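Undergrad: Protein chains in written order, with our numbering: chain G, 1280 to 1713; chain F, 1280 to 1713.
Warning: the hint list may mix true and false statements.
A pair counts as met if it fits within one copy or between any two copies, since identical chains are not told apart.
Once the Cα atoms are required to be at most 25 Å apart in a straight line, the calculated SDA-like pairs of lysine to any residue come out as [stated by the list, open to error]:
#1 Lys1302 x Thr1506
#2 Lys1603 x Asp1461
#3 Lys1302 x Leu1338
#4 Lys1302 x Asp1319
#5 Lys1603 x Arg1337
#6 Lys1302 x Asp1527
#7 Lys1302 x Thr1543
#8 Lys1302 x Tyr1477
#9 Lys1603 x Thr1618
#10 Lys1302 x Ala1368
#11 Lys1302 x Thr1389
#12 Lys1302 x Pro1515
#13 Lys1302 x Ser1404
#14 Lys1603 x Glu1462
#15 Lys1302 x Arg1693
#16 Lys1603 x Glu1621
#17 Lys1603 x Asp1353
#18 Lys1603 x Arg1435
#19 Lys1302 x Arg1582
#20 Lys1603 x Pro1515
#21 Lys1603 x Thr1297
Derived from the structure by calculation, the hints contain no laboratory data. None of the values given here were measured: they were computed from a predicted structure.
Protein chains: 2
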Amino acid sequence: MPVRLEASASGFDQAFATLLASKRESAQDVNDTVAAILADVRARGDAAVIEYTARFDRLTLTPETLRIETSVVDRAVETVDPELRDALAVAADRIASFHGRQVPQGFSYTDQAGVRLGQRWTPVSAAGLYVPGGTAAYPSSVLMNAVPAKVAGVERLVMVVPAPGGVLNPLVLVAARMAGVDEIYQIGGAQAVAALAYGTPTIRPVDKIVGPGNAYVAAAKRQVFGTVGIDMIAGPSEILVVADGANDPDWIAIDLLSQAEHDTAAQSILITDDRAFADAVEEAVETHLRTLSRVEIAAASWRDHGAVIVVDDLLAQAPALIDKVAPEHLELAVTDPDTLAERVHHAGAIFLGRHTPEAIGDYVAGPNHVLPTSRTARFSSGLGVLDFMKRTTLVGCSAGALGTLAPAAVRLARAEGLEAHGLSVASRLNMPRE
Amino acid sequence: MPVRLEASASGFDQAFATLLASKRESAQDVNDTVAAILADVRARGDAAVIEYTARFDRLTLTPETLRIETSVVDRAVETVDPELRDALAVAADRIASFHGRQVPQGFSYTDQAGVRLGQRWTPVSAAGLYVPGGTAAYPSSVLMNAVPAKVAGVERLVMVVPAPGGVLNPLVLVAARMAGVDEIYQIGGAQAVAALAYGTPTIRPVDKIVGPGNAYVAAAKRQVFGTVGIDMIAGPSEILVVADGANDPDWIAIDLLSQAEHDTAAQSILITDDRAFADAVEEAVETHLRTLSRVEIAAASWRDHGAVIVVDDLLAQAPALIDKVAPEHLELAVTDPDTLAERVHHAGAIFLGRHTPEAIGDYVAGPNHVLPTSRTARFSSGLGVLDFMKRTTLVGCSAGALGTLAPAAVRLARAEGLEAHGLSVASRLNMPRE
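Only chain G is shown next, with the shape it has when bound in the complex (with noise of 0.2 Å):
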């Protein structure tokens, strides 16, 4: 059963923090296997990433067929179901959309001062895409990831996927084909992740890496962190929902299930104002779990993760519970959604309303479906352009503005005891040395 809580009775405040400090994951610790891997890539290269290949994939390669040549996924795209591809292009389609909303502009102006100043928005060169293989392969995440380094503008993205025993899903490459990836190469754990981190004769490396992954992947992405950039090490998902006596107590329990198929450590919460509601809702996930195919994770994160929350007032009580939880996906299923998502300071996405429920956003929506998990929606974003691109900022002096800054500039490079720094504003304006 999860946990049921009763915001005005004695006690809540205690038994809600226990409920956020719940550890959902058991940390796995390979750093060590991870760093001898990463190690033994980065002095051997391709012939290393084919030994743990044929080891962990059974697969065996050679530095030839280590990228998936353009025939094989030809032949995905020819093979597909057309419903399929044109689901995925709606997607694809969509995202796209999407993210093109979220091409940053840079900025020039000259102060007072007559100094110039600017901002620039660049891409990274190349990005590195972790797309896991066997039960997690999801095509529509391959889009997730990869259509916003394109659409910010990335040159070169290489996509990894192992292929435990040769097999790969065509799913994934029909996305890959869609999105816009450039190379793709079938292989997967640390030694993929250290082939994009530094490259191999074959496999030239990369400045970003993104993608989810298992604890072997999510420990290399962390190493080689500072060598490339990396997105986000994400942790099980969660729902939060936000709902009303008015709702259809089965719609709600079966977004409550969305979330809790994932992953037996994946969190499904309830806030409501009414307790009727909050049984039904309870009695109608019980329903649909008699039935549901992935019924042993989703009871069982359900049942150990899963909680409903009874609050008196929805708008004056649930904001700052929901901050608290920071989740990652909010489903607002009241008459006046907007109103409580104003209120709302830490979220990774919120969906609207009774007719939006949080799974429309995994696929076609068109925001990210990769967001920020475990309570770091207070202070990380999802997935997208920002990702794959930098500023540099720019700053221009003209003699004249040059000595309209320098007497500050001089005293404080003085004052931190940097001579040099000082120099080198005071020897352009012949200012005295000391």
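Starting from the known structure of chain G, fit chain F onto it as the hints suggest.
TA: This is chain F only, laid out in the frame that chain G set:
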């Protein structure tokens, strides 16, 4: 002697690659020590922080004296040299003005399918700023880290600064006051990072930690990443100066030394198209080194990591070399710096023209001086307002809009084997279950 490379010489590519790959930092493995301190502070709170402060900073504190009293800051403000205070105020104003231009705009629109879409920016609620003690306690860094946080709208900005033996730089306190820092604690090291990340009875936790520090602080920031956000892990600083023969060699020499005086691991590189000018700069460097107060540091940096690269054509050849270095600071001391700047993709900050020494950007130009080092400008940016903000995306569907999106969404959910995802869309539209 710095390395001298000629772009037209055979073997240049290899020599340049060696220069890029040269390690300037000795990696100090303090991970285990830091992990123990973090765990201890997490478990024992103030008591642990106080013990480590006594041990490492020779300073005896109590929970009541962890925080620096307002009156201490008042006194620093009153007793500081008024000219220095004014110089800090000039810097603070100019930094605030530039960073004000970085405040991002959200957007919202309704697309052709009738889907409401949007993106909203909100500030991090609480941020922590690490300020090193001792010789590296730079008031300018306080401004550069704190002002963007306040411009972003961070409500609670907490500063930690170690006071070894009880000694604090009053200018650091003055800068903190000017920048709007809300709380100051006289602690440092990994224990201060732990207090900020996990909180103690006296110090409430923050959501993001920024600021430079030694190897212990850097390791602590890496380890708490995920619990809180962090800024970059800064490496040793560098400058790349592109200068034609029309420059005063003395100006360029002092610019190279202004970087070298920071740290023996700092790197200064000159690219010029004039061999005689290169010789003149090297001579001028030697002359300055005779009188410079930080001669040991600057001389070691220039000798061990300095480089002079002579090319035939600056506009044709320098941009590709610059992009490979991806310098933290790029100074373009040429007649037409803008044309050259347009061809550069990767640099933290660009200084345009002969009258824009890099040092002016360290203090009063306005853009941030916290910039990506060690080639990380390939994928990351200087500190700015965006580092203290995050995005939330919004989606709102009417029943009709959901109906338009549903077929593609349900098809993809089923293809990915996520039944509840499909059902959460389909059930709202009375779509057939399979």
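Undergrad: All hints, please: hold or fail.
TA: Structure-based check of each hint:
1. Lys1302 x Thr1506: Classified as between; 12 Å across copies, 30 Å inside a copy.
2. Lys1603 x Asp1461: between (41 Å within a copy, 22 Å between copies)
3. Lys1302 x Leu1338: Close neither inside one copy (36 Å) nor across copies (36 Å); limit 25 Å.
4. Lys1302 x Asp1319: between (33 Å within a copy, 19 Å between copies)
5. Lys1603 x Arg1337: For lysine 1603 and arginine 1337, neither the intra-copy (45 Å) nor the inter-copy (37 Å) Cα distance is at most 25 Å.
6. Lys1302 x Asp1527: neither (31 Å within a copy, 62 Å between copies)
7. Lys1302 x Thr1543: Within one copy only: 12 Å inside, 44 Å across.
8. Lys1302 x Tyr1477: between (34 Å within a copy, 15 Å between copies)
9. Lys1603 x Thr1618: Classified as within; 19 Å inside a copy, 49 Å across copies.
10. Lys1302 x Ala1368: neither (38 Å within a copy, 46 Å between copies)
11. Lys1302 x Thr1389: neither (52 Å within a copy, 39 Å between copies)
12. Lys1302 x Pro1515: For lysine 1302 and proline 1515, only the intra-copy Cα distance (10 Å) is at most 25 Å; the inter-copy one is 37 Å.
13. Lys1302 x Ser1404: This pair counts as between: shortest inter-copy Cα distance 23 Å, intra-copy 38 Å.
14. Lys1603 x Glu1462: Between copies only: 22 Å across, 41 Å inside.
15. Lys1302 x Arg1693: neither (51 Å within a copy, 30 Å between copies)
16. Lys1603 x Glu1621: within (16 Å within a copy, 44 Å between copies)
17. Lys1603 x Asp1353: neither (48 Å within a copy, 35 Å between copies)
18. Lys1603 x Arg1435: between (39 Å within a copy, 16 Å between copies)
19. Lys1302 x Arg1582: within (14 Å within a copy, 51 Å between copies)
20. Lys1603 x Pro1515: Within. Shortest intra-copy distance 17 Å satisfies the 25 Å Cα cut-off; inter-copy 37 Å does not.
21. Lys1603 x Thr1297: For lysine 1603 and threonine 1297, the Cα distance is within 25 Å only inside one copy (12 Å; across copies 49 Å).
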